[in-house]
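K.L.:
In the numbering used here, the protein residues as written are 168 to 507.
Hints in this document: simulated from the structure, not taken from any laboratory. Everything numeric in this text was worked out from a predicted model, so none of it was measured. Any given hint might turn out to be false.
Think about it this way: if two alpha-carbon atoms lie no more than 20 Å apart in a straight line, the pair counts; the simulated SDA-like pairs of lysine to any residue are [unchecked claim]:
#1 Lys424 with Leu414
#2 Lys174 with Arg395
#3 Lys472 with Arg395
#4 Lys290 with Met280
#5 Lys424 with Ser217
#6 Lys472 with Arg419
#7 Lys290 with Glu236
#8 Lys424 with Trp442
#9 Lys365 with Ala415
#10 Lys174 with Phe378
#11 Lys365 with Arg298
#12 Lys472 with Gln460
#13 Lys290 with Leu414
#14 Lys365 with Glu349
#15 Lys290 with Leu232
#16 Lys290 with Leu372
#17 Lys174 with Asp243
#18 Lys424 with His473
#19 Lys472 with Val437
#20 Lys424 with Asp377
#21 Lys424 with Arg434
#22 Lys424 with Ala453
#23 Lys174 with Glu236
#24 Lys174 with Ser217
#25 Lys424 with Arg407
#26 Lys424 with Val437
#27 Lys174 with Met280
#28 Lys174 with Ala245
#29 Lys424 with Gly410
#30 Lys424 with Arg462
#31 Lys472 with Asp450
#32 Lys472 with Ala415
#33 Lys290 with Gly423
#34 Lys472 with Ala453
#35 Lys365 with Pro279
#36 Lys290 with Ala245
#37 Lys290 with Lys365
#38 Lys290 with Leu397
#39 Lys424 with Ala362
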Amino acid sequence: MFSDMLKRQLEQEVVGQPRAVDRLVRAVTLARSGIPRQGPLGIFLFMGPSGTGKTHLARVLTRTLHGEESRLVVADMASGIESSPWASIIGQIAPLFALPGPTPAAPAAAPPMSVVLLEQLEKARPEVVRRLAMVLETGQFLLPDRRRASLHNTFVIMTSNLCERQILDEGHGIGFRADSDENERRRVFEACFDAASKQWGADFLGRLDDFIIFHRLDEASLEAILDRHLERLTAFLAARGIGLEVLAPARRFLLGKGSQDARCGARLLVRAVTWHLEFPIADLLASGRLLPQMRVVVDHREADKHLHFVVPEEGAVHVPGPGEPVGRPIAVRWDDAALA
């Protein structure tokens, strides 16, 4: 079925947020059916800490629907000039959705089923929120040149960090996680919904199709994210005839770096992979020290602040044990001091 296929595609790249994926899959399936509805195809508010996948899910959905992330239409709700914040914000997206009119106009640049991402909703001024509520109700609005614009054939996704503290602190500092019990999850949801109601009003929230909490990522989710990054790097090197093996101590080092601050979600992990793994390998490739038909083994030694990269001697096929020499060390290291 189409919905099952789309769900698998999104879950391959978005980890630890099954409810968010499920709700978007349902919205896309309904949109493809052609069943008419008033307003945009789907209106969602994603709330949660940074780095938990809110923006990433919008990007992945756009790439899945249109083949490239550059099709995502983004507006920062914190922007806007003092005299006319609504005009300056809506001006970031509206021209793409202008309807044909009596005056000459460029054809709409946005394809059907476009994804519009409105970021940092908590920083939007009250005037902007009021006008946005009207747009979400009707799906149409006027441009400064009096042309009409329509969001009827779009998915509107808004993001906010408004309830970051409630999500991270719920459960006596343990944090709200995907494996929390149902009562815990319900308490967090209600706390966030109450905060959102105070911030934007029940009338605004009533225009949403779904209000979705993005969980703090647990250890299993971070491991899955690391696996995806390693798979991509391994495939990249394999296409160049180079083997890559990341040993368990190196994995633990990267996961440790990536879980130091729950407020950052997966961002610290992605940064650790970039700085401590990808950059050294890029340096080896650029300097000609890592060539086709070579295999690089990545390890970590306790108390070191960097990974170790070793090319086994020709013919070596086994994974070395602790302290066992594996071949020729490569003189490259990127430690924390070098990143400061």
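K.L.:
So, for every hint listed, does it hold in this structure?
P.N.:
Do the hints match the structure? See the list:
Taken as a hint, the Lys424 and Leu414 pair is honoured in the structure, with Cα atoms around 16 Å apart against an allowance of 20 Å. Pair hint Lys174 plus Arg395 holds up; C-alpha atoms about 17 Å apart against a cutoff of 20 Å. A threshold of 20 Å between alpha carbons decides the hint, and for Lys472 with Arg395 the separation of about 23 Å lies outside it, so the pair is violated. Simply put, Lys290 and Met280 have alpha-carbon atoms about 27 Å apart, too far for the 20 Å limit, and the pair is violated.
Proximity of Lys424 to Ser217 is assessed by CA-CA distance (about 17 Å); at most 20 Å being required, the pair is judged to hold. Distance restraint check for Lys472 and Arg419: the Cα-Cα separation of roughly 12 Å lies within the 20 Å cut-off, and the hinted pair is therefore satisfied. Our distance criterion of 20 Å between C-alpha atoms is broken by Lys290 and Glu236, whose separation comes to about 25 Å. Of the supplied pair hints, the one linking Lys424 and Trp442 holds, its CA atoms being roughly 11 Å apart against a limit of 20 Å.
A threshold of 20 Å between alpha carbons decides the hint, and for Lys365 with Ala415 the separation of about 47 Å lies outside it, so the pair is violated. With a C-alpha separation of about 19 Å, the suggested pair Lys174 and Phe378 falls inside the 20 Å cut-off, and the hint holds. Between Lys365 and Arg298, the direct Cα distance comes to roughly 18 Å. Compliance with the 20 Å bound is thereby established for this hinted pair. Between Lys472 and Gln460 the alpha-carbon distance is near 29 Å, which puts this suggested pair outside the 20 Å criterion.
Straight-line distance between C-alpha atoms of Lys290 and Leu414 comes to about 44 Å, which puts the hinted pair past the 20 Å bound. At most 20 Å may separate the alpha-carbon atoms for a hinted pair to count; Lys365 and Glu349 exceed this at roughly 24 Å. Proposed proximity of Lys290 and Leu232 is contradicted: the alpha carbons are some 29 Å apart, above 20 Å. A distance of roughly 16 Å separates the Cα atoms of Lys290 and Leu372; the hinted pair therefore holds under the 20 Å criterion.
Distance hint between Lys174 and Asp243 is unfulfilled; the C-alpha atoms sit about 28 Å from each other, more than 20 Å. About 11 Å separates the Cα atoms of Lys424 and His473, which keeps this hinted pair within 20 Å; it holds. Taking the CA atoms of Lys472 and Val437, the gap is about 17 Å. The hint holds against a cut of 20 Å. At most 20 Å may separate the alpha-carbon atoms for a hinted pair to count; Lys424 and Asp377 exceed this at roughly 34 Å.
A C-alpha spacing of about 10 Å is found between Lys424 and Arg434, which places the hinted pair at or below 20 Å, so the restraint holds. Between the alpha carbons of Lys424 and Ala453 the distance comes to roughly 26 Å, so the proposed pair goes past 20 Å and is violated. Distance check on the hinted pair: Lys174 and Glu236 sit about 18 Å apart at the alpha-carbon level, within 20 Å; holds. At roughly 23 Å between alpha-carbon atoms, Lys174 and Ser217 are farther apart than 20 Å, so this suggested pair is violated.
Distance restraint check for Lys424 and Arg407: the Cα-Cα separation of roughly 29 Å exceeds the 20 Å cut-off, and the hinted pair is therefore not satisfied. Distance check on the hinted pair: Lys424 and Val437 sit about 10 Å apart at the alpha-carbon level, within 20 Å; holds. For the suggested pair Lys174 and Met280, the alpha carbons sit about 17 Å apart, so the restraint of at most 20 Å is met. Only pairs whose Cα atoms come within 20 Å are accepted, and Lys174 paired with Ala245 is rejected, the gap being roughly 32 Å.
Proximity of Lys424 to Gly410 is assessed by CA-CA distance (about 24 Å); at most 20 Å being required, the pair is judged violated. Proximity of Lys424 to Arg462 is assessed by CA-CA distance (about 25 Å); at most 20 Å being required, the pair is judged violated. As the CA atoms of Lys472 and Asp450 are separated by approximately 18 Å, the hinted pair is consistent with the 20 Å bound. As the CA atoms of Lys472 and Ala415 are separated by approximately 16 Å, the hinted pair is consistent with the 20 Å bound.
Annotation: proposed proximity of Lys290 to Gly423 is violated, straight-line Cα distance about 32 Å (limit 20 Å). Pair hint Lys472 plus Ala453 does not hold up; C-alpha atoms about 23 Å apart against a cutoff of 20 Å. Between the alpha carbons of Lys365 and Pro279 the distance comes to roughly 34 Å, so the proposed pair goes past 20 Å and is violated. A C-alpha spacing of about 5 Å is found between Lys290 and Ala245, which places the hinted pair at or below 20 Å, so the restraint holds.
Simply put, Lys290 and Lys365 have alpha-carbon atoms about 14 Å apart, close enough for the 20 Å limit, and the pair holds. With a C-alpha separation of about 36 Å, the suggested pairing of Lys290 with Leu397 is violated against the 20 Å cut-off. The straight-line distance between the Cα atoms of Lys424 and Ala362 is roughly 32 Å, outside the 20 Å bound, and the hint therefore fails.
In the structure shown, a violation is registered for the earlier hints numbered 3, 4, 7, 9, 12, 13, 14, 15, 17, 20, 22, 24, 25, 28, 29, 30, 33, 34, 35, 38 and 39, in ascending order.
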